[in-house]
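> First to last, the protein sequences are chains A and B. The letter at position 321 of the first sequence is residue 321 when you use this note's numbering, and the numbering goes up by one with no holes. The letter at position 376 of the second sequence is residue 376 when you use this note's numbering, and the numbering goes up by one with no holes.
If you're looking for bench data, these hints aren't it; they were derived computationally from the structure. The C-beta atom is built at its ideal place from N, Cα and C for all residues, glycine as well. Some hints here could point you the wrong way.
[Stated by the list, open to error] Far from chain B, by Cβ distances over 10 Å, these chain A residues were calculated:
{"no.": "1", "residue": "Ala39"}
{"no.": "2", "residue": "Ile47"}
{"no.": "3", "residue": "Asp51"}
{"no.": "4", "residue": "Leu54"}
{"no.": "5", "residue": "Gly109"}
{"no.": "6", "residue": "Ala111"}
{"no.": "7", "residue": "Gly123"}
{"no.": "8", "residue": "Leu131"}
{"no.": "9", "residue": "Ile225"}
{"no.": "10", "residue": "Leu263"}
{"no.": "11", "residue": "Leu266"}
{"no.": "12", "residue": "Leu279"}
{"no.": "13", "residue": "Ile315"}
{"no.": "14", "residue": "Ala316"}
{"no.": "15", "residue": "Val322"}
{"no.": "16", "residue": "Val327"}
[Said to hold, decoys possible] One side only, chain B facing chain A, incomplete, derived with CB under 10 Å:
{"no.": "17", "residue": "Val323"}
{"no.": "18", "residue": "Leu339"}
{"no.": "19", "residue": "Arg344"}
{"no.": "20", "residue": "Ala348"}
{"no.": "21", "residue": "Leu350"}
{"no.": "22", "residue": "Glu353"}
{"no.": "23", "residue": "Ser360"}
{"no.": "24", "residue": "Val361"}
{"no.": "25", "residue": "Leu373"}
{"no.": "26", "residue": "Arg375"}
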Amino acid sequence: MTQPASPARPATPKTTPAGPRPRGFRPDVRTLSLVGVLAALVLIGGITQPDSFLDTNNVQLILTQASVIGVVTVGMTFVIISGGIDLSVGAIVALASVWATTVATQDYGFAGILFTAVVVGVGCGLVNGLLIAYGGMVPFIATLAMLASGRGLALQITDGKTQTVSVDSVLKLGERDAYILGIPPLVLVFAAVTVVGWLVLNRTTFGRRSVAVGGNAEAARLAGIDVRRQRLYLYLLSGLCCGIAAFLLIVLAGSGQNTNGNLYELDAIAAAIIGGTLLTGGRGTITGSVLGVLIFTTITNIFALNNLQSDVQEIAKGAIIVAAVLVQRRTSTTTS
Amino acid sequence: MAPEPPLLTMSGITKSFPGVRALDGVDLEVLAGEVHCLLGQNGAGKSTLIKVLAGAHQPDDGTITWRGERTVLKSPIAAMRLGIATIYQELDLVEGLSVAENVYLGHEPTTAGFVVRGRDARTTTAALLKRLGHGEIGPGTLVGDLSAAQQQIVSMARALSHDVRLIVMDEPSAALDPDEVDNLFRIVDSLTADGVAVVYISHRLEEIRRIGDRVTVLKDGRAVAGGLPAKETPTRDVVALMTGRNVEYVFPERPTAPPLAEPVLTVKGLSRQGEFAPLDLELRPGEIVGLAGLVGSGRSEILETIYGARKASTGQVVVDGQVLRPGSVRAAVRAGLGLAPEERKAQALLMLESVTRNVSVSSMSRFSYGGWLDRGKELDAARAATRELSLRPDNPSAPVRTLSGGNQQKAVLARWLLRGCRVLLLDEPTRGVDVGARAELYAVIRRLADDGLAVLMVSSEVPEVLGLADRVLVLREGAVIHESPAADLDEHRVLDLVLAGGR
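Bound conformation, chain A alone:
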């Protein structure tokens, strides 16, 4: 019997303070699987409609459509990570879009429209935030109330009529001439919001505090975080995103309507959830949410190109949400 003479252990690389820092972007299994789903969808689209799907115009269309709901979803992701929910995003988009397109606002031109959309969004977020953070209301109830009254107010402003935009500088943003290197400006806004959202979540104290509040609000409070103020800020942020999204929608549609943003709350929540954000808070990524948005938008596009009715689309959406959550449950139980 030969005992292996105590083998020289390979020098284990000890991490030292001077050693490598954790890298910022580490795509995990979950993100990669979402990328895989998206790639598969592109493949399906390319096979079923080889001519029209991969056409530049179509790709631009998909990304443009993703932009509006995408911006909303970034804000929603922050709220859900912090353990909250914002059911009022669709109503805020509608209210901001009609308020920003009244005859009186349009008199102030481009700046007036943009300013109004953002201020209305932030204002609604402020009301949500105050009710939840300082009024002690459950987010579900407070934002449900905002959903109802926001839609009501939007209807009151428009009287149910479409408010056509006559400000050229706004309309031009949606035209082909405004594309920068083939990219629509709306998509650039979406990209910018995504990047800023990612940085805020991963690189700032604001992001950390949001995650801490969602992960364990009591622990965050006892660690000295001002939980209530953080919650207020989060709903302000969601409102801001809605305001930006409303402006994008105005550019895209060339009008403001009280029916805008219908069911955005559900689309944004669904995108965040399939992107891996925990509905109970404490965990989530901007990357995942944005991939979720792109997946949903691409499916809608493929179905439209193949002349499938929207009822089939909705069924498929539901199935995807279920499948994504089941897969995530499996991966999370095997890795922990």
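Using the hints, position chain B against chain A.
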């Protein structure tokens, strides 16, 4: 008398989870009518073993024999049908339902299969509660309105509502006051007199001496001793089996000279309606002051009120001559207070996050410029703090939930060390910490005090308060009834004070 076959024989039970072998060929034999105690440190495999017994986990290997017959416990329901009931530490009651509804949850007496005969359920529940010595609990009361001790009784009533032959009790005395523990023991005695076997899990050796018949000791997923006589086996032997070495609590030495510095924390007439009477307290740098008292004597409430997590009814907290805004944790933290709360997982840790993020959470402004985090600086600082306390593993990105209890506590301490806090409030600092890891934690706390921190600690373990603190305040029903240097007290004296007010 022919020897009866054992009620339950588990042999060679093995159970692995990804990365851990929780049970490695464990044998357990339980006789009808005995109290069989299960001892072991945290992580020794006790919980896994009782979950196998409850049908909640399936063993990878091994056999279970129940009343002489090989059996497989496929599910909790299967175990219950055989007559095995488990009362978990975290009670699994529905707070929004009544006592009777909880007792009969899942096996309600029904007419025609679905109409619940509520009156029958309430009558039989009342009888069960009376048998348990708690006739005062109304079967119609909402469980959420009951005290923890009463809820435990309801759990037991639920177990007895089945035709039970074996009851597993997981640390049933942990949340109970002494007289409630006495009642618990009476219940256990009456159960065993009826031939029911009890598997009793506890950390408290004196309880095992009082009611136990035999002891099985688990260590690292193995049964290192089975069926020892509970009353005769010397404590030293039991501790040696549990730890694998002879351990006595080792407390660090106290500094020889009493601290002379000006008090850093002064509490003047602080009180909270219905929780504790006006309290005066001075705490100097380098000093450890202990609060001793029973559960419910207001210990945790005092710490949390000083910290601003509860708003004081009267009085002030003064740090360095500056009066803190009452009810503001942020004011307390800014003034240099830090709290390591009793419920670490619920009140202190971000369980989904890494060690670094848990440590840096209270000091983020130090690593950020206009809200922008310098993560390199954060990592270095957090690592310096965790190394200072020898937190294991030495891996800043390890998820904090994977750490042992002792190391989780160190992560909380590192948070305040990094923050540069000056007064540390420790609520049950060794709760959920392995016996073997406690001495190290004591040393850490003493070292922090030697470095100039003032420490105010609360513990329900009297030897811990006496061994670690310099000065002890004894609490009874929300009021300080005694104060003296720890060296002038012993365990009996403290228990006398606590239980009888020193008379």
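> Compare the structure with each hint and give your call.
Hints versus structure:
1. Ala39: holds (29 Å)
2. Ile47: holds (39 Å)
3. Asp51: Per Cβ check, Asp51 of chain A is outside 10 Å of chain B; nearest 47 Å; holds.
4. Leu54: The claim stands: Leu54 of chain A keeps its Cβ more than 10 Å from every Cβ of chain B (closest is about 40 Å).
5. Gly109: Nearest chain B Cβ is 33 Å from Gly109 of chain A, so the label holds.
6. Ala111: holds (27 Å)
7. Gly123: About 23 Å separates Gly123 of chain A from the closest Cβ of chain B, which puts it past 10 Å; holds.
8. Leu131: Given a closest Cβ separation of 22 Å, the condition holds.
9. Ile225: Label violated. Min Cβ-Cβ 7 Å, cutoff 10 Å.
10. Leu263: At about 30 Å from chain B, Leu263 of chain A clears the 10 Å cut-off, so the statement holds.
11. Leu266: About 26 Å separates Leu266 of chain A from the closest Cβ of chain B, which puts it past 10 Å; holds.
12. Leu279: holds (14 Å)
13. Ile315: Non-interface label on Ile315 of chain A holds, nearest chain B Cβ at 33 Å vs cutoff 10 Å.
14. Ala316: holds (31 Å)
15. Val322: holds (24 Å)
16. Val327: holds (18 Å)
17. Val323: Violated, because the Cβ-Cβ distance from Val323 of chain B to chain A comes to roughly 18 Å (cut-off 10 Å).
18. Leu339: holds (6 Å)
19. Arg344: Holds, about 9 Å.
20. Ala348: Ala348 of chain B check passes; min Cβ-Cβ to chain A is 5 Å, inside 10 Å.
21. Leu350: holds (4 Å)
22. Glu353: Since chain A brings a Cβ to about 6 Å from Glu353 of chain B, closer than 10 Å, the hint holds.
23. Ser360: holds (8 Å)
24. Val361: Holds. Min distance 5 Å.
25. Leu373: Since the shortest Cβ distance to chain A is 6 Å, the answer is holds.
26. Arg375: Hint holds; Arg375 of chain B Cβ to chain A Cβ min 7 Å, cut 10 Å.
When held up to the earlier numbered hints, the structure conflicts with 9, 17 and fits the remainder.
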